[in-house]
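Chemist: Using the sequences provided together with the hints, build the complete structure.
Protein chains in written order, with this note's numbering: chain A, 375 to 701; chain B, 375 to 701.
In case anyone wonders, no lab produced these hints; they're calculated from the structure.
It cannot be assumed that every hint is accurate.
Which copy is meant is left open, so a pair is good if it fits within one copy or across any two.
Unchecked claim - With a cut-off of at most 20 Å between alpha-carbon atoms, the simulated SDA-like pairs for lysine to any residue come out as follows:
1) K398 - V601
2) K675 - T410
3) K420 - Q483
4) K675 - R502
5) K675 - Y438
6) K398 - G501
7) K420 - V490
All values derive from a computational prediction rather than experimental measurement.
Protein chains: 2
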Amino acid sequence: MRPPAVRMVDVAALAGVSAGTASKALNNTGQLSQETRDRVLQAAAKLGFTPDSRGRALSSGRTYTVALLTTDSTGRFSIPIMRGVEDVLSAGELATVLCDTRDDPLREQTYLRSMVARGVDGIVVTGRRTEPRPPIDVPLPVVYAMAPSSNPRDASVIVDDAGGAAAAINHLLSLGRTRIAHITGPATHRSAVGRAEAVAATAGEALCGEPLYGEWTERWGRQATDVVLRQNPDAISCGSDQIARGVCDRLRELGRSVPEDVAVTGYDNWPVMALASRPPLTTVDPRLEDLGRRAATLLLKAIAGRPHHGVLELPAQLITRESTLGS
Amino acid sequence: MRPPAVRMVDVAALAGVSAGTASKALNNTGQLSQETRDRVLQAAAKLGFTPDSRGRALSSGRTYTVALLTTDSTGRFSIPIMRGVEDVLSAGELATVLCDTRDDPLREQTYLRSMVARGVDGIVVTGRRTEPRPPIDVPLPVVYAMAPSSNPRDASVIVDDAGGAAAAINHLLSLGRTRIAHITGPATHRSAVGRAEAVAATAGEALCGEPLYGEWTERWGRQATDVVLRQNPDAISCGSDQIARGVCDRLRELGRSVPEDVAVTGYDNWPVMALASRPPLTTVDPRLEDLGRRAATLLLKAIAGRPHHGVLELPAQLITRESTLGS
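Modeler: Okay, here's the thing in structure tokens:
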């Protein structure tokens, strides 16, 4: 069934070089003229030569595989991060292995042992929370994406959550809104607290009442709307798109129009919420694919012996839609 | 940094056997007494011996890695399938590599060449549609999950979509509903057509008007509600939870109560829709983790030289909630 494999010697013969020279050219090692290297690569392309990864792993000590360790079993955050990671790694012909720990420390340990035994080249660690997390203990290059390592010497890439929240508030202020309420998730979540603090700092005098902490649900958005309306806001900034969608639904039920009476902003740019909301939500996109691309780039550098140290913060992006701009 | 590795000879020494015997016991090969095998395994456990996968790959010709090829870049369907696949494979210490083709045939070809070159043991192919798909051409064991191969000799595992749709209708009939309308997705999608046919066949005389085809969106659910209400239904069965959520929202806006005036059912059991809906949805759960587990089990058998041929249909499960039962 398996077609007869094209061998390195076939490539060497067509290129008119020795097998050793062909190997050096294909593995990008040794001292060869550019012309010889090109001739071998052209011969390999012509014959459809596929390097055998296992052989390559043996000679280089590398498996050309990177593990993505995630606690986010729904995939809502890890899938866009993985796409970004793959964009960078697949260009370098590295495979990405997704390991879903399901937030279980024992499962995480098992995966890590298996990945080390399998000889992966490096690990990207991600999750669904933004709290710093304990570093993983492996003798390999590691980059943390979204949830930074609690060790500031480790390489971490995170979203500038405060900047994203501030951008939403500046947008509301630029539209002339002067009474801005804030509804968000649990006070025990760093993402909720960080966004709320940025909202308060940016809104200043325009902040209307205290930030209201609760759950990351539409239901909480609906309930909290009744509370914040007592303060008579002309804008409600929300810590997530789910909350913002609930706010829009409740405002409509109460006969208040969005954005004419009250402008509403979300956070996440999760299409199933932000676009299905009535009206569609102005929101903050954390650009998770960018996060994945940057994490993968740092990991490649670490694998090449040039590790990064410290936390890198990437900008989020404000996306404006009808919930603040009208139709 | 890397702790001194425990070597096979250390295990052999502790067990009081030769290195060759230790190797046979750890690789489960050769002729050894159960007692000797146990002694070696206990010594390995005591020392925390981790077999080197690359060494194992060389001796067995296997990489103990399986690829999951998906076209579903949002991960909504592929993540639960992957969890099921991992449940089965990780018990056998196989790693799962997720390859997201983003529905791009060129990207699919690139991934397949890379996986073959890397020597994966087998491939699970999945997607976000249920249409039969062209088989992939690789010299490896392959199992198709969700979207079956168009070659009936290939091993495919699919959900009994018609059975799931019928279960929802039988539930409505058992509640005494006699005028059941059906709203679903595009007439070009096999999942929409298959469910609609099962609804019509099961409802019989109770079917109210023709099935209404449109989009898999909440907006379509709201729009279509106005159309089907002209037929005065006492139940609306929907092809997806998104449609059903839109139907519930529109019925509430029109002052009709769910389920007292009109009972509503969804399909997918997607928590973010089915639980956030007001009221929460009675729906059909396609049990995608089961699908993944079964696909992985068939793949393991194929890798062991016992391939399955043909399509295996797994049951979906009716989940009852307030949208039919009331509160």
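Chemist: Hint by hint, note whether the structure agrees.
Modeler: Each hint tested on the structure:
1. In this homomeric assembly, K398 and V601 never come within 20 Å of each other (Cα to Cα): the closest approach is 70 Å inside a single copy and 70 Å across copies.
2. Within a single copy, K675 and T410 get their C-alpha atoms no closer than 28 Å, and across copies no closer than 46 Å, so neither meets the 20 Å cut-off.
3. In this homomeric assembly, K420 and Q483 come within 20 Å of each other (Cα to Cα) only across copies, at 17 Å, whereas the closest approach inside a single copy is 45 Å.
4. In this assembly of identical chains, the alpha carbons of K675 and R502 never lie at most 20 Å apart, being 25 Å within a copy and 35 Å across copies at closest.
5. With identical chains, the CA atoms of K675 and Y438 are at most 20 Å apart within one copy only, with a shortest distance of 14 Å there and 28 Å across copies.
6. Neither within a single protomer nor between protomers do K398 and G501 lie at most 20 Å apart by alpha-carbon distance, with minima of 40 Å and 40 Å respectively.
7. In this assembly of identical chains, the alpha carbons of K420 and V490 lie at most 20 Å apart only when taken from different copies (19 Å versus 37 Å within one copy).
The structure is inconsistent with the numbered hints 1, 2, 4, 6, although it conforms to all the rest.
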